[in-house]
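Engineer: Below are the chains, spelled out letter by letter.
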Amino acid sequence: MKLSDIIVGIAMALLAVMLSYLMVYGGLGPIASYNIRPLAAAFLNNTYNPWQKIYSALSPEAVTAIVWDYRGLDTYFETSVLFIAIVGLVALFRGANIVQGISSKGLSIIVKTSTKIIVPLILVAGASLAFHGHLSPGGGFQGGSFMTVATALLAVAFSIEFLQQKRLSLNTLLAVRCVGLLAIAIVSVYLLINAVLLGGYAYIFQNMQRLLFSPNSLVAVGISQYSMPYWFLDRPLGGTLFFFNLSESIAVIGGLTLGAVLLLLRENELKTVIGGEEHE
Amino acid sequence: MNDLVYFLFITVLVSMIINTAIALYGVFTKPSLVKKFIALTIFSDSINSFAILIGFRRTPLGYSSIAVMPSLPQSPEDLKNFINTAVDPLPQALVLTAIVIGLAVNMFLVGLIILFHRHYGTTSVKRVRI
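Protein chains in written order, with the numbering used here: chain Y, 1 to 280; chain B, 1 to 130.
Bound-form chain Y, shown alone (with noise of 0.2 Å):
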């Protein structure tokens, strides 16, 4: 043990000890209390209130309603920071392209031939839950990541050439990637481009009809009547919560699948491309 070690073993434990202090004598408000705090009831009872349409996002699910309604823009910008760690990962790894190796017929044919019946299935699990995540718990980014499993599986078992030669290959997925984000891109200006073509004012990522604001000023003056479709056949569609579910969850899959081929790139063909010159 160093005395560095020691030092900061110390201050962790001073840290644990505080912070446990702060919580057991109500820093965070009550705790395991019998109510929410009022925070929390405003979003629930906002969130699938037929009776006041002004404020509500028309879909049972609150969480979603939050991250892509009520806390849009917030989660647009978190989804660019999942883009811009991919395109880290794509620029760490600059100049490696797949060539046909010595593993390229991947693993034996049992766990090829169970990958086959099990990959269809974890896609579909997938979709579910991503295109139902305005009705049930779930959403893009669970669905998105779901579906990941598969792809990384497939290269996994049947090797990165096999998704090569399948179309997949790393420009495809970066595309793929960037087609998700412009597509939720295009999803929260929709509203607002609609409104200026017609004549009429609106938000970004506007869901239903909202209440309009002086610029100046909080009184509100009207409403705009520009909405997303909130009802599909016999079930509410949440609005703008279907099309965004559906482009992240195009991101994710995209996105975490060329991080996966990229951790897969084998070693000997890569020295050449990482190497540069030798270090004495």
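Note that these hints are calculated values from the structure, not bench results. Among the hints, erroneous ones may be present.
Under the rule of at most 20 Å between Cα atoms (straight-line distance), these lysine to any residue pairs were calculated in the SDA-like manner [said to hold, decoys possible]:
| # | chain 1 | residue 1 | chain 2 | residue 2 |
| --- | --- | --- | --- | --- |
| 1 | Y | K53 | B | D78 |
| 2 | B | K126 | B | G26 |
| 3 | Y | K2 | B | K30 |
| 4 | B | K80 | Y | R37 |
| 5 | Y | K2 | B | P31 |
| 6 | Y | K116 | Y | V81 |
| 7 | B | K126 | Y | L263 |
| 8 | B | K35 | Y | V8 |
| 9 | B | K126 | Y | D5 |
| 10 | Y | K2 | B | L33 |
| 11 | B | K35 | Y | I6 |
| 12 | Y | K2 | B | V125 |
| 13 | Y | K53 | B | I83 |
| 14 | Y | K2 | B | I47 |
| 15 | B | K126 | B | S65 |
| 16 | B | K80 | Y | L153 |
| 17 | Y | K2 | B | I83 |
| 18 | B | K36 | Y | K166 |
| 19 | Y | K166 | Y | F213 |
A few chain B residues facing chain Y, derived, Cβ under 7 Å [stated by the list, open to error]:
| # | residue |
| --- | --- |
| 20 | R57 |
| 21 | P60 |
| 22 | G62 |
| 23 | T97 |
| 24 | I101 |
| 25 | A104 |
| 26 | M107 |
| 27 | L115 |
Cβ coordinates follow ideal geometry from the N, Cα and C atoms, glycine included.
We have chain Y already, so just place chain B on it with the hints.
Structural biologist: Leaving out everything else, chain B in the frame of chain Y:
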């Protein structure tokens, strides 16, 4: 009964905070980048579960269970019943995006560590010679 529930809940909270502190200790003191990375994932996972725990709510008196909205509310009374039993959705919404973004950032870090190992032949930050 009430005191026991409160005590158990405090125990869970404190254990999560201790978990966080131990993970941070690992990030600061372990020389191996892989161990640093493992400690970092444990840190983010304990913070995430801690954030979900903040939204916890006990079943209110007079109700049988926490609600999941089995069908669409038909009247304002249905909605009121739902609000009286549902948990706080905001921490879940915040954690949801944090997990997937954490996955992408972790992928980036793993790629960085792999390249570090291929370049220097070691993952220990103390044995690297430039």
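Engineer: Hint by hint, say whether it matches the structure.
Structural biologist: Hints, one by one, checked against the model:
Our distance criterion of 20 Å between C-alpha atoms is met by K53/Y and D78/B, whose separation comes to about 17 Å. At most 20 Å may separate the alpha-carbon atoms for a hinted pair to count; K126/B and G26/B meet this at roughly 15 Å. Taking the CA atoms of K2/Y and K30/B, the gap is about 12 Å. The hint holds against a cut of 20 Å. Straight-line distance between C-alpha atoms of K80/B and R37/Y comes to about 15 Å, which keeps the hinted pair within the 20 Å bound.
The hinted pair formed by K2/Y and P31/B meets the criterion: a straight-line CA distance of about 13 Å does not exceed 20 Å. Of the pairs offered as hints, the one joining K116/Y and V81/Y is violated, with about 33 Å between alpha carbons and a cut-off of 20 Å exceeded. Pair hint K126/B plus L263/Y does not hold up; C-alpha atoms about 25 Å apart against a cutoff of 20 Å. With a C-alpha separation of about 17 Å, the suggested pair K35/B and V8/Y falls inside the 20 Å cut-off, and the hint holds.
Distance check on the hinted pair: K126/B and D5/Y sit about 14 Å apart at the alpha-carbon level, within 20 Å; holds. Using a Cα cut-off of 20 Å, the hinted pair K2/Y and L33/B holds, with the two alpha carbons roughly 19 Å apart. Proposed proximity of K35/B and I6/Y is supported: the alpha carbons are some 18 Å apart, at most 20 Å. Of the pairs offered as hints, the one joining K2/Y and V125/B holds, with about 16 Å between alpha carbons and a cut-off of 20 Å not exceeded.
Between K53/Y and I83/B the alpha-carbon distance is near 17 Å, which keeps this suggested pair within the 20 Å criterion. This hinted pair does not check out: K2/Y and I47/B have alpha carbons roughly 28 Å apart, beyond 20 Å. In summary, the hint linking K126/B to S65/B is not supported, as the alpha carbons are separated by about 54 Å, beyond the 20 Å threshold. Taking the CA atoms of K80/B and L153/Y, the gap is near 45 Å; set against the 20 Å cutoff, the hint is violated.
With a C-alpha separation of about 54 Å, the suggested pairing of K2/Y with I83/B is violated against the 20 Å cut-off. Under the criterion of a C-alpha separation no larger than 20 Å, the hint pairing K36/B with K166/Y is inconsistent with the structure, at around 37 Å. About 52 Å separates the Cα atoms of K166/Y and F213/Y, which puts this hinted pair outside 20 Å; it is violated. Because the smallest distance between the Cβ of R57/B and any Cβ of chain Y comes to about 6 Å, under 7 Å, the interface hint for this residue holds.
Interface hint at P60/B: satisfied, since its Cβ lies 5 Å from the closest Cβ of chain Y, which is below the 7 Å cut-off. The closest approach between the C-beta of G62/B and any C-beta of chain Y is roughly 10 Å, which is over the 7 Å cut-off, so the hint fails. At its closest, the beta carbon of T97/B sits 5 Å from a beta carbon of chain Y; the interface hint therefore holds under the 7 Å criterion. For I101/B, the shortest C-beta to C-beta distance to chain Y is roughly 5 Å, which falls under 7 Å, so the interface hint holds.
Interface restraint check for A104/B: the shortest CB-CB distance to chain Y comes to about 4 Å, inside 7 Å, so the restraint holds. Against a cut-off of 7 Å between C-beta atoms, the interface hint on M107/B holds, since the closest Cβ of chain Y lies about 4 Å away. With 7 Å as the threshold, the beta carbon of L115/B comes within range of chain Y, its nearest partner Cβ sitting at about 6 Å, so the hint holds.
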